[in-house]
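Use the sequences and the hints to build the structure in full.
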Amino acid sequence: EPEVTQTPSHQVTQMGQEVILRCVPISNHLYFYWYRQILGQKVEFLVSFYNNEISEKSEIFDDQFSVERPDGSNFTLKIRSTKLEDSAMYFCASISGLARNEQYFGPGTRLTVT
Amino acid sequence: GEDVEQSLFLSVREGDSSVINCTYTDSSSTYLYWYKQEPGAGLQLLTYIFSNMDMKQDQRLTVLLNKKDKHLSLRIADTQTGDSAIYFCAESGNQFYFGTGTSLTVIP
Chain A
154 EPEVTQTPSH QVTQMGQEVI LRCVPISNHL YFYWYRQILG QKVEFLVSFY NNEISEKSEI
214 FDDQFSVERP DGSNFTLKIR STKLEDSAMY FCASISGLAR NEQYFGPGTR LTVT
Chain B
9 GEDVEQSLFL SVREGDSSVI NCTYTDSSST YLYWYKQEPG AGLQLLTYIF SNMDMKQDQR
69 LTVLLNKKDK HLSLRIADTQ TGDSAIYFCA ESGNQFYFGT GTSLTVIP
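Quick mapping for you: the protein sequence lines, in order, are chains A and B. Under my numbering, residues 154 to 267 are what the first sequence spells out, in order. Under my numbering, residues 9 to 116 are what the second sequence spells out, in order.
Just so you know, the hints here were simulated from the structure itself, not pulled from any lab data. Worth double-checking, as some hints may not be accurate.
To be verified - No more than 27 angstroms apart at the CA atoms, straight line, and that leaves these computed lysine-lysine pairs for DSSO-like:
| hint | chain 1 | residue 1 | chain 2 | residue 2 |
| --- | --- | --- | --- | --- |
| 1 | A | 195 | B | 75 |
| 2 | B | 78 | A | 195 |
| 3 | A | 210 | B | 78 |
| 4 | A | 195 | B | 44 |
Here's what the structure looks like:
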């Protein structure tokens, strides 16, 4: 069964450093998403991406964040200057098309900012 | 943003049925979902229901949707210890909004 993959599974970084979280969505999917889940809290939407551009973003997704689809397979989330409060699980997800009936999530990257 | 609420904890005995409830606010939601999250793992899509349906059954899982009251429930029949996890409901309008999650503990 096709699946969304994410690397790394755990990233530790120092405050102020840049991090890039990587995702490989399911190959024929068209819509891509990033979510985060701070420990013990709900899953929060960050950004959606379609046709090589951001289609929606939340208030959390400020200028420190950016997304990119550098080639036909990878989908990345960059945090330019990490803060302690960026520590969370980051989930990538993808959907095949407009029906939006099945959103598949990756296993997540745990980001720890020290 | 939209508000999706769930009770935080549920504890049931193995073999009993579990019912996890969820309320949401966005009446324009097209689909409503249930996801399962095991410790340290990602989100696994369990099932979803289209907003013009009121019930969907999938093996041990039954989803009930009361659109008038904006209430969604997930019933797990014959609950097993492997069902212990956090269960999230989610709604999709333009974005996905997740509930706070219900931690289900199954007592052997």
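Hint-by-hint comparison with the structure:
{"no.": "1", "hint": "195(A) with 75(B)", "result": "holds, 23 angstroms"}
{"no.": "2", "hint": "78(B) with 195(A)", "result": "holds, 19 angstroms"}
{"no.": "3", "hint": "210(A) with 78(B)", "result": "holds, 25 angstroms"}
{"no.": "4", "hint": "195(A) with 44(B)", "result": "holds, 13 angstroms"}
Hint compliance for this structure: no hint is broken.
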